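Asks: Residue strings, one per chain:
Protein chains: 2
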Amino acid sequence: MSHSALRINGQRLNSSLQSTCSSWGAITNSTGMRRLALSEEDRSVRDWLVRECKALGCRVKIDQMGNIFAIRDGASQDKLPIAMGSHLDTQPAGPRKISNTDWGIGGRYDGILGVQAALEVLRTLHENNIQTHCPVALIDWTNEEGARFPGAMMASGVWSTKSSTALEACHGIKDMEGTTMQKALEDTGYLGKTPCDYRENGLESYFELHIEQGPKLEATNNRVGVVTAVQGMKWYAMRVSGVEGHSGTTPMHQRSDALVTAARLIAAVSDTAQATSLGVATVGVITSDTQSQATIPSGVEFIIDIRCSTDAMVEDLCTAIFKRFDEIILNEKNNTSYSVLRTWGLPESIFHDDCISAVRSAAVAEVGPSKIMDMKSGAGHDAAWTSKVVRSSMIFVPSKDGISHNPAEYTTPEDCALGAQVLLQAVLRYDESIRNGINS
Amino acid sequence: MSHSALRINGQRLNSSLQSTCSSWGAITNSTGMRRLALSEEDRSVRDWLVRECKALGCRVKIDQMGNIFAIRDGASQDKLPIAMGSHLDTQPAGPRKISNTDWGIGGRYDGILGVQAALEVLRTLHENNIQTHCPVALIDWTNEEGARFPGAMMASGVWSTKSSTALEACHGIKDMEGTTMQKALEDTGYLGKTPCDYRENGLESYFELHIEQGPKLEATNNRVGVVTAVQGMKWYAMRVSGVEGHSGTTPMHQRSDALVTAARLIAAVSDTAQATSLGVATVGVITSDTQSQATIPSGVEFIIDIRCSTDAMVEDLCTAIFKRFDEIILNEKNNTSYSVLRTWGLPESIFHDDCISAVRSAAVAEVGPSKIMDMKSGAGHDAAWTSKVVRSSMIFVPSKDGISHNPAEYTTPEDCALGAQVLLQAVLRYDESIRNGINS
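Residue numbers (full-length UniProt numbering), protein chains in the order written: chain A, 1 to 440; chain B, 1 to 440.
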């Protein structure tokens, strides 16, 4: 059988995806998921994944951050694996004290589709006795959501970082109950010995299938997104400090109300992004020190999420926002102050032409040139990290109504299968080019 | 001994207050308190209070809201009790995920001083074998803070309300764990049979000693506040509704960001109160449906607390705030909406001249006319409710730096003793006037 005629089994893929979601992390009476990294549910689905991969004859390595590498050998003894991957953890259910929305609950496709599709590719190669030139690997990256241990794309970040301290720092990060990542890795049996370092456990290239999480493919009637880059991002954890006071006994002009100042800053984040047209800026998380309606808040914390097409635009938007903050604080008469508690960021990630070409030709072969589009990812992904150190690219399939991180997150079984088929063919085409010495 | 020479025992009062706080609800390494209504700590201090009052020969009645009435008989068989009271519950420790402040923790004086002082008055009457004309009662009102079961001054409100449904409604209110007030009353043994109704379990009058919780007495170098009224208050629980979205993939102009709109409304609450000079308005509580930094918030809820000297001013300030809200929503381009989920309120409470006079003359006798001042209370108190149906007034003593609902809440032992002494003499003066047929 010619490799280009090889087809994944869409029914098997979708059945595997849905049944494992139903078994491990499903929310009762909902298609929503709550599968926090290294939770009992995550441990169970990981154990299942390892069993499945071993049954296909793969070698399985667990690294120091719990990343699972399942490797199917190729003909060549000296090539690194062409990898496919994503993550099996999901968003949590957020605290919802008063309202009844389900927002903040994870869906069944974000991350999960990418790993399940990689498994389906391995199954297809195995049942057809395909011998690739390079090894082919499946990767499940730990804690991509950063929902349990703060810090999205954490473990792919450690693997891709030229830093001796990143691993140690991430092992020490605690969840809300105070459990460290290291303890959670130990407790689940996923604190592996393989170095979490691209230099010691390397890859030839990396392909990631993911749902778009936005409305563009659907709106333009395209079926596959050929992802060329991930936009640059920066986050700031902010604190506004005021002075506590009783709401009934403290005169307005004597107040130092942290929430009033925070409110002006939050409005300014949105206004500045709109006025400059540089990119998007969002405050998605806010917490107040007080939970008493009769108390003037003394401290409010919030996180600003800034994303633009290029790193320079990210810098310009950040500068404009903080300039506006300084003006607001100067004009405020309530004697509050603000500070930046912590910053994170992920520079703009430009994918590799060879990988992009493999995805594009695989997609064209499946649906023709009129149903695919090149696009940049607005969301961060593990591939954004891997692209810093190995050739990488991504495949997007449509998200119904552009919704994700929500039980309403949905991608049709046909699109899931299409994504897996494009993934298979992209890997095979890339492998073929290596065999022929085209990419090297 | 002439009644006017009678003196409370300040050392005993302060020792009783501090030791019971240390035993039931103290926070380790802090003077802060966490004694939520009908918690294990509250049950213990209530049991202690009942034992102490019975040891002084008082009859103890528990009503349907768990209010404790400890009654010391007087000479007259047909008079209702002159009551003294406040509450033994405190503010909770609020959730503090990131910051390290202690704000939101209760102190040792708010409410607690009023009940302890009432007990000290009973002890003083008992040890001096004083026979009053009217019975004298101590009252511990349940859930004044509204910190466990939402709704401040809840049980004094039920007692003072001409409504057959208030009791049932309050019994059904749930705490954060879903426990109803009725269940908590049953579990602690404080679901009494005495009707929680001023018409069936009435009082002759009501006096409440409380810390000021504001800076005025200290700033003016006065020692006693003669409280003539409690300002009018109104609360609105608000919800702003938008549409969820991914922070990286949703363009600014397509967003419906609930937090951005909420931020504009919160700033407007403060700005409107300052611009109109009608009173004070505060947003002390804010919650968002989402806890993900990568999510555009779809729902934000907050509580507005509005207080003015008169009910008419409260109405005017509310009208001005909501007019501004409508303008903001109209000008917003992000397609959000707001709704009022619930309102509460406590109309302006004007205390009774006879009770005010008794407090004033008792205070003048203790510290002279230059060390007392008439004042309105900015905070709500159980006396605000009782004043709707029986003659009532309050005594304020200084709060250090005006701080309360905080471990830094402090009133000197001397001022605590002074407050109790004024309470004793106000009750005796009022009793004397009843005996003499002056107040009737």
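Derived from the structure by calculation, the hints contain no laboratory data. Incorrect hints may have been included.
Same chains, same label: a pair holds when it works inside one copy or across any pair of copies.
[Unchecked claim] Below, simulated BS3-like cross-link-like pairs (lysine-lysine); rule was C-alpha separation at most 25 Å, straight line:
#: 1; residue 1: K54; residue 2: K376
#: 2; residue 1: K333; residue 2: K216
#: 3; residue 1: K371; residue 2: K183
#: 4; residue 1: K193; residue 2: K216
#: 5; residue 1: K323; residue 2: K333
#: 6; residue 1: K388; residue 2: K61
#: 7; residue 1: K79; residue 2: K388
#: 8; residue 1: K193; residue 2: K54
#: 9; residue 1: K333; residue 2: K79
#: 10; residue 1: K400; residue 2: K193
#: 11; residue 1: K333; residue 2: K61
#: 12; residue 1: K54; residue 2: K79
#: 13; residue 1: K79; residue 2: K371
#: 14; residue 1: K193; residue 2: K183
#: 15; residue 1: K174; residue 2: K333
A quick note: this is a predicted structure, and the numbers were derived from the prediction, not measured.
Asks: Using 25 Å as the alpha-carbon threshold, which applies to K54 and K79: within, between, both, or neither?
Replies: within (21 Å within a copy, 88 Å between copies)
Asks: Quick one: K193 to K216, C-alpha cut-off 25 Å, is that within a copy, between copies, both, or neither?
Replies: neither (42 Å within a copy, 65 Å between copies)
Asks: How would you label the pair K193, K183 (within, between, both, or neither) given a Cα cut-off of 25 Å?
Replies: This pair counts as within: shortest intra-copy Cα distance 15 Å, inter-copy 53 Å.
Asks: Up to 25 Å between alpha-carbons, please classify K79 paired with K371: within, between, both or neither.
Replies: neither (34 Å within a copy, 90 Å between copies)
Asks: At most 25 Å between CA atoms: does that hold for K333 and K61 within a copy, between copies, both, or neither?
Replies: neither (59 Å within a copy, 52 Å between copies)
Asks: When no copy is named, should K323 and K333 be tagged within, between, both, or neither for a Cα gap of at most 25 Å?
Replies: both (18 Å within a copy, 24 Å between copies)
Asks: Regarding K388 and K61, is the shortest C-alpha distance of 25 Å or less found within a copy, between copies, in both, or in neither?
Replies: Only inside one copy: K388 and K61 sit 22 Å apart there, 74 Å across copies, limit 25 Å.
Asks: Regarding K333 and K216, is the shortest C-alpha distance of 25 Å or less found within a copy, between copies, in both, or in neither?
Replies: between (44 Å within a copy, 22 Å between copies)
Asks: As a check of your reading, is K54 near K376 (CA-CA no more than 25 Å) within one copy, between copies, both or neither?
Replies: Neither: 35 Å inside a chain and 77 Å across chains, both beyond 25 Å.
Asks: At most 25 Å between alpha carbons: which applies to K333 and K79, within, between, both or neither?
Replies: neither (65 Å within a copy, 55 Å between copies)
Asks: Tell me, please, which holds for K400 and K193 at an alpha-carbon limit of 25 Å: within, between, both or neither?
Replies: neither (40 Å within a copy, 58 Å between copies)
Asks: Please sort K174 with K333 into within, between, both or neither, judging by C-alpha distance up to 25 Å.
Replies: neither (38 Å within a copy, 39 Å between copies)
Checked against the numbered hints above, the structure violates hints 1, 3, 4, 9, 10, 11, 13, 15; every other hint is satisfied.
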